[in-house]
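As given, the protein sequences belong to chains V and L, one line each in that order.
For the first sequence, the working numbering gives the first residue as 136, with consecutive numbering after it.
For the second sequence, the working numbering gives the first residue as 344, with consecutive numbering after it.
No lab work stands behind these hints: they were computed from the structure.
There could be a bad hint or two in this list.
Claimed, not checked - Only part of the chain V face toward chain L is listed, based on derived beta-carbon distances under 8 Å:
#1 163
#2 164
#3 165
#4 168
#5 185
#6 190
#7 212
#8 214
#9 215
#10 222
#11 225
#12 234
#13 236
#14 237
#15 239
Said to hold, decoys possible - The following label-pair restraints were derived from C-beta to C-beta distances:
#16 142/V - 410/L: 43 to 51 Å
#17 149/V - 362/L: 27 to 35 Å
#18 196/V - 368/L: 32 to 40 Å
#19 394/L - 173/V: 32 to 40 Å
#20 163/V - 362/L: 40 to 48 Å
#21 453/L - 188/V: 42 to 50 Å
#22 350/L - 143/V: 33 to 41 Å
#23 409/L - 235/V: 34 to 42 Å
To be verified - Residues of chain V clear of chain L, computed beta-carbon distances all greater than 10 Å:
#24 139
#25 175
#26 176
#27 179
#28 187
#29 199
#30 202
#31 206
#32 217
#33 218
#34 232
#35 241
Ideal Cβ placement from N, Cα and C applies to all residues, glycine included.
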Amino acid sequence: ETGVTQSPTHLIKTRGQQVTLRCSSQSGHNTVSWYQQALGQGPQFIFQYYREEENGRGNFPPRFSGLQFPNYSSELNVNALELDDSALYLCASSLGENHSPLHFGNGTRLTVT
Amino acid sequence: GQSLEQPSEVTAVEGAIVQINCTYQTSGFYGLSWYQQHDGGAPTFLSYNGLDGLEETGRFSSFLSRSDSYGYLLLQELQMKDSASYFCAVRDPQAGTALIFGKGTTLSVSS
Numbered sequence: 136e137t138g139v140t141q142s143p144t145h146l147i148k149t150r151g152q153q154v155t156l157r158c159s160s161q162s163g164h165n166t167v168s169w170y171q172q173a174l175g176q177g178p179q180f181i182f183q184y185y186r187e188e189e190n191g192r193g194n195f196p197p198r199f200s201g202l203q204f205p206n207y208s209s210e211l212n213v214n215a216l217e218l219d220d221s222a223l224y225l226c227a228s229s230l231g232e233n234h235s236p237l238h239f240g241n242g243t244r245l246t247v248t
Numbered sequence: 344g345q346s347l348e349q350p351s352e353v354t355a356v357e358g359a360i361v362q363i364n365c366t367y368q369t370s371g372f373y374g375l376s377w378y379q380q381h382d383g384g385a386p387t388f389l390s391y392n393g394l395d396g397l398e399e400t401g402r403f404s405s406f407l408s409r410s411d412s413y414g415y416l417l418l419q420e421l422q423m424k425d426s427a428s429y430f431c432a433v434r435d436p437q438a439g440t441a442l443i444f445g446k447g448t449t450l451s452v453s454s
């Protein structure tokens with residue numbers, strides 16, 4: 136059973152640029168959610184995809200967007216990067232059922248300069 | 344909206360017992376979860392309480408009181424490897440099965 140994998144592990148971008156982060160779900164999982172985790176804080180929910188449709192969104196601006204593909208892998212895109220976007224971005228997959236635990240990847244550390 | 348409160352830091356020695364409390368406010372409640380995250384690592388699922396009472400998994404137990412909007416994670420026979428951040432989390436009813444996390448409690452276990 137392959138776990139959740141994210142790429143890249145680290146990334147440095149300049150303010151105003153765009154970035155795409157990638158996530159491969161755990162085998163058999165049809166739901167993926169993305170979280171932003173600032174240093175010393177808990178993960179903050181960005182959005183969730185279920186069977187290629189966004190079915191929930193947290194308090195993030197529209198420049199944060201995503202996709203889920205037929206194989207349930209996913210992308211997070213962030214446009215017009217700001218310094219405050221510097222954080223660990225975590226992807227989590229699950230079975231999409233009530234109370235299904237989230238399985239997280241190791242995250243992508245994004246630094247915006 | 345949803346909000347969770349938990350202590351920011353807890354310290355303990357090896358072999359001790361520690362309790363991490365969590366109080367929550369939600370517009371709809373679907374259970375309380377706990378996750379562990381080591382420095383630089385991925386959060387990992389520890390436990391889930393959907394109903395009142397105690398759930399035990401090895402050295403870790405979790406408790407829920409829905410009437411008090413309160414839960415706790417109990418860690419027994421502490422080991423150095425238990426040094427990590429612990430997050431309580433509730434479901435966001437507006438967002439499928441996504442979770443809203445507390446800010447986390449950093450547990451430091453010393454010898």
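Legend entry - Violated hints - listed by number, lowest first: Those not satisfied are hints 1, 2, 3, 7, 8, 9, 10, 17, 18, 20, 23, 24, 25, 26, 27, 34, 35.
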